[in-house]
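A.B. asks: Listed here are the chains, written in short residue letters.
Number of protein chains: 2
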Amino acid sequence: MDTTQIDYARNGVLTPEMQQVAETVYIDEDTILSDVANGSLVIMTRNKSQPVAISKGATTKINVNLGTSSANIDPGSEIEKVTVAEKHGADTITDLSMGGDISGIRKSVFENTSLPVTTVPIYQSTVEYGMKNVTEDDILSTLKNHIYEGVSSVVLHCVDSYTLEKLKGSKRVMGMVAKGGSFTSVFMLTNECENPFIQHFDEILEMLRKNDVVLSLGNTMRSGCIHDLSDGAQKVEIETNVNLANRANKKGVQVIVEGVGGHVQANDISDSIRFYKSMSKYPLFVAGPLPTDVGLGYDHIAGSVGASMASGAGADYLCYITPSEHLALPTPEQVREGVVAFKIAAHIGDSIKYGISDRDLMLSMKRRKFDWNGQIEMAIDPDKPSEMCPIKGPCTMCGDYCAIKIMQNYLSGDN
Amino acid sequence: MDTTQIDYARNGVLTPEMQQVAETVYIDEDTILSDVANGSLVIMTRNKSQPVAISKGATTKINVNLGTSSANIDPGSEIEKVTVAEKHGADTITDLSMGGDISGIRKSVFENTSLPVTTVPIYQSTVEYGMKNVTEDDILSTLKNHIYEGVSSVVLHCVDSYTLEKLKGSKRVMGMVAKGGSFTSVFMLTNECENPFIQHFDEILEMLRKNDVVLSLGNTMRSGCIHDLSDGAQKVEIETNVNLANRANKKGVQVIVEGVGGHVQANDISDSIRFYKSMSKYPLFVAGPLPTDVGLGYDHIAGSVGASMASGAGADYLCYITPSEHLALPTPEQVREGVVAFKIAAHIGDSIKYGISDRDLMLSMKRRKFDWNGQIEMAIDPDKPSEMCPIKGPCTMCGDYCAIKIMQNYLSGDN
Numbered sequence: 001m002d003t004t005q006i007d008y009a010r011n012g013v014l015t016p017e018m019q020q021v022a023e024t025v026y027i028d029e030d031t032i033l034s035d036v037a038n039g040s041l042v043i044m045t046r047n048k049s050q051p052v053a054i055s056k057g058a059t060t061k062i063n064v065n066l067g068t069s070s071a072n073i074d075p076g077s078e079i080e081k082v083t084v085a086e087k088h089g090a091d092t093i094t095d096l097s098m099g100g101d102i103s104g105i106r107k108s109v110f111e112n113t114s115l116p117v118t119t120v121p122i123y124q125s126t127v128e129y130g131m132k133n134v135t136e137d138d139i140l141s142t143l144k145n146h147i148y149e150g151v152s153s154v155v156l157h158c159v160d161s162y163t164l165e166k167l168k169g170s171k172r173v174m175g176m177v178a179k180g181g182s183f184t185s186v187f188m189l190t191n192e193c194e195n196p197f198i199q200h201f202d203e204i205l206e207m208l209r210k211n212d213v214v215l216s217l218g219n220t221m222r223s224g225c226i227h228d229l230s231d232g233a234q235k236v237e238i239e240t241n242v243n244l245a246n247r248a249n250k251k252g253v254q255v256i257v258e259g260v261g262g263h264v265q266a267n268d269i270s271d272s273i274r275f276y277k278s279m280s281k282y283p284l285f286v287a288g289p290l291p292t293d294v295g296l297g298y299d300h301i302a303g304s305v306g307a308s309m310a311s312g313a314g315a316d317y318l319c320y321i322t323p324s325e326h327l328a329l330p331t332p333e334q335v336r337e338g339v340v341a342f343k344i345a346a347h348i349g350d351s352i353k354y355g356i357s358d359r360d361l362m363l364s365m366k367r368r369k370f371d372w373n374g375q376i377e378m379a380i381d382p383d384k385p386s387e388m389c390p391i392k393g394p395c396t397m398c399g400d401y402c403a404i405k406i407m408q409n410y411l412s413g414d415n
Numbered sequence: 001m002d003t004t005q006i007d008y009a010r011n012g013v014l015t016p017e018m019q020q021v022a023e024t025v026y027i028d029e030d031t032i033l034s035d036v037a038n039g040s041l042v043i044m045t046r047n048k049s050q051p052v053a054i055s056k057g058a059t060t061k062i063n064v065n066l067g068t069s070s071a072n073i074d075p076g077s078e079i080e081k082v083t084v085a086e087k088h089g090a091d092t093i094t095d096l097s098m099g100g101d102i103s104g105i106r107k108s109v110f111e112n113t114s115l116p117v118t119t120v121p122i123y124q125s126t127v128e129y130g131m132k133n134v135t136e137d138d139i140l141s142t143l144k145n146h147i148y149e150g151v152s153s154v155v156l157h158c159v160d161s162y163t164l165e166k167l168k169g170s171k172r173v174m175g176m177v178a179k180g181g182s183f184t185s186v187f188m189l190t191n192e193c194e195n196p197f198i199q200h201f202d203e204i205l206e207m208l209r210k211n212d213v214v215l216s217l218g219n220t221m222r223s224g225c226i227h228d229l230s231d232g233a234q235k236v237e238i239e240t241n242v243n244l245a246n247r248a249n250k251k252g253v254q255v256i257v258e259g260v261g262g263h264v265q266a267n268d269i270s271d272s273i274r275f276y277k278s279m280s281k282y283p284l285f286v287a288g289p290l291p292t293d294v295g296l297g298y299d300h301i302a303g304s305v306g307a308s309m310a311s312g313a314g315a316d317y318l319c320y321i322t323p324s325e326h327l328a329l330p331t332p333e334q335v336r337e338g339v340v341a342f343k344i345a346a347h348i349g350d351s352i353k354y355g356i357s358d359r360d361l362m363l364s365m366k367r368r369k370f371d372w373n374g375q376i377e378m379a380i381d382p383d384k385p386s387e388m389c390p391i392k393g394p395c396t397m398c399g400d401y402c403a404i405k406i407m408q409n410y411l412s413g414d415n
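Each protein sequence line maps, in turn, to chains P and F.
With the working numbering applied, the first sequence corresponds to residues 1 to 415, in that order.
With the working numbering applied, the second sequence corresponds to residues 1 to 415, in that order.
Fair warning: there could be bad hints in the mix.
To be verified - Within a straight-line C-alpha distance of at most 25 Å, the following computed DSS-like cross-link-like pairs (lysine-lysine) qualify:
id, chain 1, residue 1, chain 2, residue 2
1, F, Lys235, F, Lys281
2, P, Lys405, F, Lys235
3, F, Lys405, P, Lys171
4, F, Lys87, F, Lys107
As the list claims (entries may be wrong) - A short, non-exhaustive set of chain F residues, derived as facing chain P with CB atoms under 8 Å:
id, residue
5, Ile147
6, Met176
7, Ser185
8, Val242
9, Arg247
10, Gln265
11, Asp360
12, Asn373
13, Gly374
14, Ile376
15, Pro385
Rather than coming from a laboratory, the hints here were simulated on the basis of the structure.
Keep in mind that this is a model prediction, so the values were computed, not measured.
Even glycine gets a Cβ: it sits at the ideal position worked out from N, Cα and C.
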């Protein structure tokens, strides 16, 4: 039975989702069909949400992480973040809640956004069953619940015991910094077993397939500081994940690979992404990356630099970073700062991938005419300028001595 | 008589300034001597300020623009900005005041910072004598006053009438956006004459030489939107400026060339800088650049992306951009946001030029040990984290479920 976008594409059926996607991408319908079929174009949906195209040929997409932690449980604030994220242009939401009524918060996230929603199910099983006591059945049943409740995508950290063994002897400064990866690893170390997601991979694919839930293969080995990239663990993980992605694709399950995330020296960003792209057709999801460790309090800015470079080099999907990264759960206002910084990065990356956008030209045409409201409407965050400067124009930077106005007058002879 | 760093270097004398610079650069004393002599290393000083090295082999430097405008005259606020800029790591200050008692404000800037100070003297002559009535004598005498009062550097916009004539027929969206360039152009158009700075170039060099004031050749043709780079006007200007720079260097005057500034498509940033570097040995000063026009309200972030790319490709000296660019004169807090965003960009650029810094490693070593105060001390802006999160650690993002802590325990067997 056909259930997934891949199934339909392989039978040559252009689904309503593909038709909607066709209006937003730089590729034609035939290419959409073949790219969905071979796994290089992922379409993420949820109920009646606008399908989100993640691929070469589509604009770079932004994911927003939110959710309670054990140290900060305020579901109302998390729902406010959902609204803020959607308003400011997030493409997808990931609910990472680990505090309070996790299932209830997830339900509330579903109800408060039309965007696709991703989860990392091992977060919930770890909290609810305990890090040391959680069983394989607990892990799989939680995953099943998330799928049947209607998530758009789940993140599974498929670190294998070979890679984990290698990490023990590594000279990494920061070790492992991926939370879902650490929970999965603790389970493996406690029970002296292989990764349960790898062990039950075919069974999991069957569950995902039935609901066309996108599989996101987590980046357990992402580097926690810019000195940690060179141990090769990320490359080993990419190879493992690409093999698993091939198995998923064969079964008709849409799949995204997470990689080159975390803290990555600026010099390595483009090369690492091109390495991934040379060996994999699956969309690449990148967390950040941060090209420096010293931006504490401004990691959304450092992240915007890394994400612009990553997106320009071919990353398809970016996980935002907020100003409070490494310090605290973000406030709704910090979520907004992070979303906008990454919308700017995606836009710059897209200008590298696809050329300059008309939106830039439209803003500048309005700017040259001193149409303040018009240029503000074209901005990525149109609310910010009026919040900063209640009086719209003329700009107080130059006051009477505006070069643009002066030269327009003089060059037209109208002085 | 030897008066400039170049003179001394040509005679093989390692000045106290060169000795101080030697402690901060990646080149040895012999290279400092030859680079200063040939003009590829500029040393900017003022009175007893720490000399600032601007060159290949030195860290990327940041300039902060501030000063009153005709629409916003609050000298106290401008002096507060001087203090904020110096505190947060600006390397040089440019006083662009155009409102109120301009000479008095400049004096006050001198008194309130130990950093080198740059001015654009035609701003003051334009305000005080009137855009249409200012004479060549007024322009030159104002320039002379600035030099004798002790500025470290002056910006002169040496656009020639050939380039100006070409601009009349150009298809640029934004025309000319450089204020000093527009004032100079208006003088030329009003008086139907050649650029007064070019006409009197030898005389000006003599004035600069006597006080070892650095000549900064302004970027009149910088593009005001990312669609405007391709008309080639910037390249013509760079050629003109490099010829003038050769004349300055011959006379022993230190010189910086401004170029590739303004709004520049991300794809063009590295190439444009490499083009400049292929034809010129003089340090390159870049305003921004902004790789998108739609970041209104967040131009410090878009600018940080462009500046990281520019610095990584070889730009030596960056002019910061604040969040209020295109909207208003910045507040002191916005000056801080701009300085820090550009410090991050310079740091990332330097990691591309010179490799990863020890500072990144030191922060991460403290982070892995959960030394909150220690990591905050290593941050580019150590005040920000505590302003954002009054309680220092543990980070509320993960609370009890910190991947770093968990894996340190499990991998060490200490669980």
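A.B. asks: Given the hinted pair P/Lys405 and F/Lys235, is their Cα-Cα distance within 25 Å?
C.D. replies: holds (24 Å)
A.B. asks: Holds or violated: the hint that F/Ser185 contacts chain P, with Cβ atoms closer than 8 Å.
C.D. replies: holds (7 Å)
A.B. asks: Double-check F/Ile147 for me: the hint is only fine if its C-beta lies closer than 8 Å to a C-beta in chain P.
C.D. replies: violated (23 Å)
A.B. asks: Keeping to a limit of 25 Å between CA atoms, is the pair of F/Lys87 and F/Lys107 held or broken?
C.D. replies: The hint holds at about 20 Å.
A.B. asks: Please verify that hint: F/Arg247, Cβ, nearest Cβ of chain P, below 8 Å or not.
C.D. replies: violated (27 Å)
A.B. asks: Quick check on the hint: F/Ile376 CB to chain P CB, less than 8 Å?
C.D. replies: Hint on F/Ile376: holds, closest Cβ of chain P at ~6 Å, below 8 Å.
A.B. asks: Regarding the hint that F/Val242 lies at the interface with chain P, is the smallest CB-CB distance below 8 Å?
C.D. replies: violated (23 Å)
A.B. asks: For the restraint on F/Gln265, tell me whether the closest CB of chain P is nearer than 8 Å.
C.D. replies: Result: holds, 6 Å to nearest chain P Cβ.
A.B. asks: Hint check: is the beta carbon of F/Asn373 less than 8 Å from a beta carbon of chain P?
C.D. replies: Violated: closest Cβ of chain P sits about 12 Å from F/Asn373, beyond 8 Å.
A.B. asks: Verify the interface restraint on F/Asp360: the C-beta must sit less than 8 Å from at least one C-beta of chain P.
C.D. replies: holds (4 Å)
A.B. asks: Taken at face value, is the distance from the CA of P/Lys171 to the CA of F/Lys405 at most 25 Å?
C.D. replies: holds (16 Å)
A.B. asks: Per the CB criterion, is F/Met176 less than 8 Å away from chain P?
C.D. replies: holds (4 Å)
In this structure, the earlier hints numbered 5, 8, 9, 12, 13 are contradicted, and the remaining ones agree with it.
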